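Visitor: Going down the list, the protein sequences come from chains A and B. Residues in the first sequence are numbered consecutively from 1, following my numbering. Residues in the second sequence are numbered consecutively from 1, following my numbering.
Calculated directly from the structure, the hints in this document are not laboratory data. Keep in mind that a hint or two might mislead.
Listing some non-contacts, in silico: residues in chain A with all C-beta distances to chain B over 10 Å [claimed, not checked]:
(1) L263
(2) S317
(3) S325
(4) E342
Quick list of the computed label-pair ranges, beta carbon to beta carbon [what the hints assert, rightly or not]:
(5) V72/B - Y87/A: 18 to 28 Å
(6) I2/B - R237/A: 26 to 36 Å
(7) T73/B - D247/A: 24 to 34 Å
(8) V186/A - P27/B: 41 to 51 Å
Stretches of chain B that chain A covers, calculated by requiring three or more beta carbons in the stretch to come under 8 Å of a beta carbon on chain A [to be verified]:
(9) 35 to 47
(10) 65 to 75
Quantities reported herein were computed from a predicted structural model and do not represent experimental measurements. For every residue, glycine included, the Cβ atom is placed at its ideal position computed from N, Cα and C.
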Amino acid sequence: MRMFNNRNGSENGHRANGYRKPARYSALDLVRHGLSGSDWPRAWHAHDLRPSYDVVIVGGGVHGLATAYYLAREHGITSVAVLDKGYIGSGGSGRNTAIIRSNYLTPEGVRFYDRSVKLYETLSADLNFNAMFAQRGHLTLAHNDSSLRTMHWRAEVNKLEGIDSEVIGPDEIKWLVPYMDTSESVRYPILGALYHPPGGIIRHDAVVWGYARGADALGVHIHQNTEVTGIDVAGGRVRGVKTSRGDIATPIVVNCTAGWSTLISDMAGVKMPISTFPLQAAVTEPVRPFLDPVIVSGTLHVYVSQTDRGELVFGASVDPFTSYSMRGSLEFTEGLAGHVLELMPSLARMRVLRQWAGLCDMTPDFSPIMGTTPVAGFLIDVGWGTYGFKAGPVSGETMAELIATGKTPELIAPFGLDRFAKGDLMGEKGAAAVGH
Amino acid sequence: MILLPCPYCGSRNVSEFRYVGELSTRPDPNATNAEEWRAFLYVRANPAGWTTETWFHRAGCRQHFVVERHTVTNEVRTSRLPAAQLRDREDERATGGNVANDSGGATY
Ligand SMILES: Cc1cc2nc3c(=O)[nH]c(=O)nc-3n(C[C@H](O)[C@H](O)[C@H](O)COP(=O)(O)OP(=O)(O)OC[C@H]3O[C@@H](n4cnc5c(N)ncnc54)[C@H](O)[C@@H]3O)c2cc1C
Ligand SMILES: [Zn+2]
């Protein structure tokens, strides 16, 4: 069944009124603006709400914006609204620690995240917006035999899927990260690590803004400060949404609200196996570059990377209980500091500049939930937990294909909501339990 | 929330406790079907508001108890023993999950 067949524009398509070719950013432009001091054109625009759209996407994070962008770019569907109750990127997409990798444990997960890494590799050029993707390598440390075994398992699955991933020993770790304490006289000695050279970090805000600018230029409407308060369902099918700025009629609603996604699905009467947990992170004052790869330790529940500006970015596991509160806690900073110093004692005098939290939509099997629901026209792209930023591009691409063709792309078929009722869960915990 | 009131020990730092999960009714294993059982295992209400849940006093009395908490403000309204324990002390057990058939009781 085709859920959507309005490929050649609709009565309210963008081309009729107000289509603007995006102003391309270039070195020449930079010089010109630098010399003249003139304003840059707005990267995206505000609009009045239309009474109807072909597709309404709830949530202006990387998932919602990427879905809108690929709908317009790949499928010519431009009567699309992205609604966010705050500003775009105010959810997890503006709060994450921006680690990108594909060295997961299940073949389905590896294939899926690998497609996303590939899209990220060309994203800056595609969007004409510098996302500063730095593929500096990614190390997951093993401090005991069982985690070393899991690393070997992951490396083998990764290699079978064509991913650059291998287990290395303490000497090679020390060579990659001279500041790491690889001695045996510590509480959690480092036995080895899973090394994933294509992994790295990105500038998360730029990804959000780049997709927003790209989608806007193709005619998508981005509505900030527009909260969805209800979803109209009649005869088992979506009819529209209610928002703080008025009602919109639409045959398709996509739930891209991550930590808040249960609340949106509740409005459509769709039950989900999701619990919302806060995840905290912290950043230090900037210092000279000394740390190249991203370091993750599952045993110590900590990970660290150094940004291009020189700050160290730290993350951990989710808070120990569910909550919609985004308050930081002293327990987090204390625990984090202790664990970081265990790995790199020389950081003892570094000062933490700030800490923050975001909401994570955790699923029982550490895998997303994507695709159709029992309510026709109500689609979900949720369950992104602590690891969903890296999946933004591939999720946008596959959700757009699902909307345009009505067929679930093979890459996301394993992630359907019905897997829980069928008892057909994914086994991704071994690669995703520490949030990043 | 920094302090969580244990019905046995009084208010203690929340780091002493383990969050167990939302309170829900376990279907009778002999009467239920696989789908219903899996819904019990996986589906969560996950409300943004008041919720009733089980906690375990890990570093204290090592008892399970039931708390009403607001998930947006983390304010705690009530804290009490599981209903099964109030009905019959023989029933007392570590549930390791949701407490079956909880239907209220005295509040702390
Ligand atoms: C501290 C931290 C570190 C992380 N680190 C990593 C990492 O290193 N790598 C990685 O891959 N992932 C990481 N993640 C996870 C990642 O941030 C998320 O999975 C991802 O950003 C989810 O994107 P999204 O677009 O689905 O949702 P979000 O970016 O959360 O966007 C959801 C949007 O929905 C909006 N919304 C909610 N309710 C409504 C409503 N009623 N009406 C309208 N709009 C609404 C919100 O305002 C929000 O902007 C981390 C998360 C956190 C919190
Ligand atoms: Zn106690």
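Visitor: Please check whether V186/A and P27/B have a Cβ separation lying inside 41 to 51 Å.
Guide: 48 Å, holds
Visitor: Does the no-contact call for S325/A survive, Cβ to all of chain B over 10 Å?
Guide: 5 Å, violated
Visitor: Do the beta carbons of V72/B and Y87/A sit within 18 to 28 Å of each other?
Guide: Between V72/B and Y87/A, where Cβ atoms are some 20 Å apart, the hint holds.
Visitor: Using the Cβ atoms, figure out if T73/B sits within 24 to 34 Å of D247/A.
Guide: Since the Cβ atoms of T73/B and D247/A sit about 30 Å apart, the hinted range of 24 to 34 Å holds.
Visitor: Non-interface claim for E342/A: all C-beta distances to chain B beyond 10 Å?
Guide: 19 Å, holds
Visitor: Going by Cβ atoms, does S317/A stay more than 10 Å from chain B at every point?
Guide: Holds, because the least Cβ-Cβ distance between S317/A and chain B comes to about 13 Å, which exceeds 10 Å.
Visitor: Quick one: are I2/B and R237/A within 26 to 36 Å, going by C-beta?
Guide: 47 Å Cβ-Cβ, so the 26 to 36 Å window is violated.
Visitor: Is L263/A truly not at the interface, in the sense that its beta carbon sits beyond 10 Å from all beta carbons of chain B?
Guide: 6 Å, violated
Visitor: For the segment 35 to 47 of chain B, count the residues whose Cβ lies under 8 Å from any Cβ of chain A; is that count three or more?
Guide: holds (count 10)
Visitor: With a C-beta cutoff of 8 Å, work out whether three or more residues of the segment 65 to 75 of chain B approach chain A closely enough for the coverage to hold.
Guide: With 4 residues in contact (Cβ-Cβ under 8 Å with chain A), the coverage given for the segment 65 to 75 of chain B holds.
Violated hints, in rising order: 1, 3 and 6; the structure is consistent with all others.
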